[in-house]
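Peer 1: Which chain is which? The protein sequence lines are A and B, in order.
Quick note: the first sequence uses this note's numbering, first residue 1, plus one each step.
Quick note: the second sequence uses this note's numbering, first residue 388, plus one each step.
I should point out that these hints are in silico values taken from the structure, not numbers from a laboratory.
Treat each hint with caution, since some may be false.
[To be verified] From the derived model, a few chain B residues whose C-beta atoms are all more than 10 Å from chain A: (1) T389; (2) D449; (3) L872.
[What the hints assert, rightly or not] Covered stretches of chain B, going by a simulated chain A footprint (3 or more residues, C-beta under 8 Å): (4) 576-586; (5) 750-758; (6) 778-785; (7) 832-842; (8) 845-857.
The beta-carbon is built from N, C-alpha and C at its ideal position, and this holds for glycine as well.
If you want the building blocks of each chain, they are given just below.
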Amino acid sequence: MSRGATSERRNLILSWKRPYGILAFFVFVLLAVVGCGGQEESGGGSASEGSSASGGETTSGGGSASAGGSTSGGGEVSGEGLVVYSGRNEELVGPIIERFEEESGIDVEVRYGDTAELAATILEEGQNSPADVFFSQDAGALGALTNEGILSPLPEDALSQVEERFKDPNGEWVGVSGRARVVAYNTEALSEEELPSSILDFTDPEWNGRIGWAPTNGSFQAFVTALRVIEGEDVAREWLEGVQANDPRRYDNNLAILEGVVSGEIEVGFVNHYYLFQLQEESGGDVPAANYYFQNGDPGSLVNVAGIGILNTADNTPEAQEFLEFMLSEEAQQYFADETFEYSLIEGVPINEELVPLSEIETPNADLGNLDDLQGTLDLLRETFVL
Amino acid sequence: MTLPLVYLVLRSLENGWGEFFEVALRPRTLAVLARSVVLATVVTAASVAVAVPLAWLTTRTDLPGRRAWAVLAALPLVVPSYVGGLVLVSTFGPRGLLQDALAPLGVERLPEIYGLPGAALALTLFSYPYVLLTVRGALRGMDPALEEASRSLGSGGWSTFFRVTLPQLRPAIVAGALLVALYSLSDFGAVSLLQFDSFSREIYTQYRSAFDRTPAAILGLMLVALTGAILALEVRTRGRARYHRSSAGSVRPRGGTVVALGRWRWPALLFCGAVVLLALVVPVGVLVFWLARGLASGEPLRLLWGAAFDSVYVSALAAAVAALAALPVAILAVRFPGWVAGIVERLSYLGYALPGIVLALSLVFFGANYAPGLYGTLALLVFAYAVHFLPQAVGATRATLLQVSPSVEEAARGLGRGPTGVMATVTAPLASSGIIAGSALVFLTTMKELPATLLLAPLGFDTLATSIWTATSEAFFARAAAPALLLVLVSALPMYLLLIKERSR
């Protein structure tokens, strides 16, 4: 009995050592907090350092007055700088946004994310959305915001620069760069002559096991929507069922499809045109893949756009309009043509010589603004067990 | 903690009950739900099968280099599933790196990894450490005298393990398994890359392709119901057993109960090696390969120390907040079991099983509309993490708390301490191994969290996870490799400290 009591006491005494673990942890947290405080004080300097070291990583105005926004407490920025929600990737648009900041002197705060998730975020935020501008990866998301009455009409001089087929009929959003749907094919397995003249021909059993697609991908779904609008519900359904019967490999996105084409997992894949060029740049040379464009207004030759809309709850509408004008300027359009391998949507900007010019692509007769019936497309994809 | 639930109910019933039942009872919805249940079951069983032997080998045996194995085997937890999945696909895909390497041997194509096997493999490899860490914590907190008594009463090593050790470990195994099961329900990265139609993928697809949030919310609510069912199952495994003793045992110098493996050492080493190879060496190796390939083709090396700092900072905050919030919940659950404690503890699991996007949008909705002062601040982001990952801290804390005898606390009360004093000076220190393990889990999971970070972080707040996402979503694999390696490295450090600290005890 007495032994038990002593050992218990000893155990309790020994257990006093244990708080050190917790203590150490909280010291760690404390150091972290203090560390951040320190960083905040020297925020201006370190932010500009960061942006030069990382080659355009930081977009929140290196060294400018509101650099503190990059650390804690940066939430209440409405009224300070222009707030852009960008569904376009930071690697792609970060540098051009930075150039806008330099040239206009306007601070831009960017929230990067998935286009659809950001659209959902804007819808959830409602009247209190901090966003001024929505920079969307595709027209569908902009159409969805238009339907909810969240975007405001854009100035006529911005709209007039862009062809009718690449903007909202009511002038609430406008495309700033184009992306064409193409078929990427493995050049070791196929030659261009072996490819069909219409995307509708991929239902032929000869393509069994050779196709890759990404049914969850926004660009693909925009194409299916276009197919429904142009050829009707029945043709779209037949096409989906036909391709599905050819046992296509399902990928998560365009890029994974292209990787599949390059590695030979599949021979053809339905993608956007510019991924090929990115992959070439990344792997530093030739890859055994090429883009194939459909002719004669085939539904497979849809050109979708990345576009901009301005929220009607924006606090910085003049700055937002300046942002839009800049993105439609020759400088920015040239940037998109050179750096992201997309199509410029204004006249007179030379495009990458490896691209088929936009004027030579006869796009199917579908209004991009009409491509927002995604629920219908989603239902069709589900009914045909594609999704 | 109930905010996400309230949000889901609000959104689900926006268009009335008609749409609710139409979406919920669609045959497809039920089929996908069933597939998710299968996935979660397989992953949980596999994780337990991998993690329990690993935990035992690295705490109780003379396995050569067992401390190193302990650190290495826990590290896969820091590999985000969207990176791990990508690596698995590019390595073991039909025409991946492995096929490249085997091509000279005439291997044209590897068998498919897409679908259930691949998704289950990926999720198991990157989530078994949940079980490993909780079980290790319990093994270390367990009184070796029980095993010794069993041995001295004539039971052999195996029989002691199955009849004494394993039953003692049950709460820890269940706590870890619960985390794995709920994680595999909510994960999106691995299932989408490995092309398995799980429920979370269905929810993401709904959000991403149609801008109608009602069907997505209905699906989210169904996931909540499934979580409830799993939690109810877990309660049944708990029973009324007690895991502490009436009096504390004596403290022995470490190494007192080491089991000599003898010739079993080699299969044991092989097992540890195989797990670490698949879950850690392959992903890190592929990342290094991508980085090298990128550097060779002229990519600049970008070490994002700023993002690394932000990641560590916000993860440490989340870990501290979650640990603090978890202690009262765990104490309530262990010391005052009843329906109140039951409900509070269950609610803490709600946020965990929801896919990040659902949780994030619910906080976007409440933050922007009802707490505009907090919206877009770090505080709301940390709150989101805490709500999301609280169960990790609760589970680990609860498991060690079960080993603390209430009589010690009563003695402290009897000697004149108040309830909070007892909690701070007696209960918390005695349960410290669990609290620390729990906050380490929260820290590591927060480091790689993506959907909530993207939507809720203050503008311009970059973490390593968002940097990786930025690069991978446009296939800049070389650019993703640097932050991904940095993430693994930065996360490895606290993990290492956590595990070597054990030695000093």
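Peer 1: Hints first: check each against the structure and report whether it holds.
Peer 2: Verification of the hints:
no.	hint	in the structure
1	T389	holds (18 Å)
2	D449	holds (25 Å)
3	L872	holds (16 Å)
4	576-586	holds (count 3)
5	750-758	holds (count 4)
6	778-785	violated (count 0)
7	832-842	holds (count 3)
8	845-857	holds (count 8)
In this structure, the one hint that does not hold is number 6.
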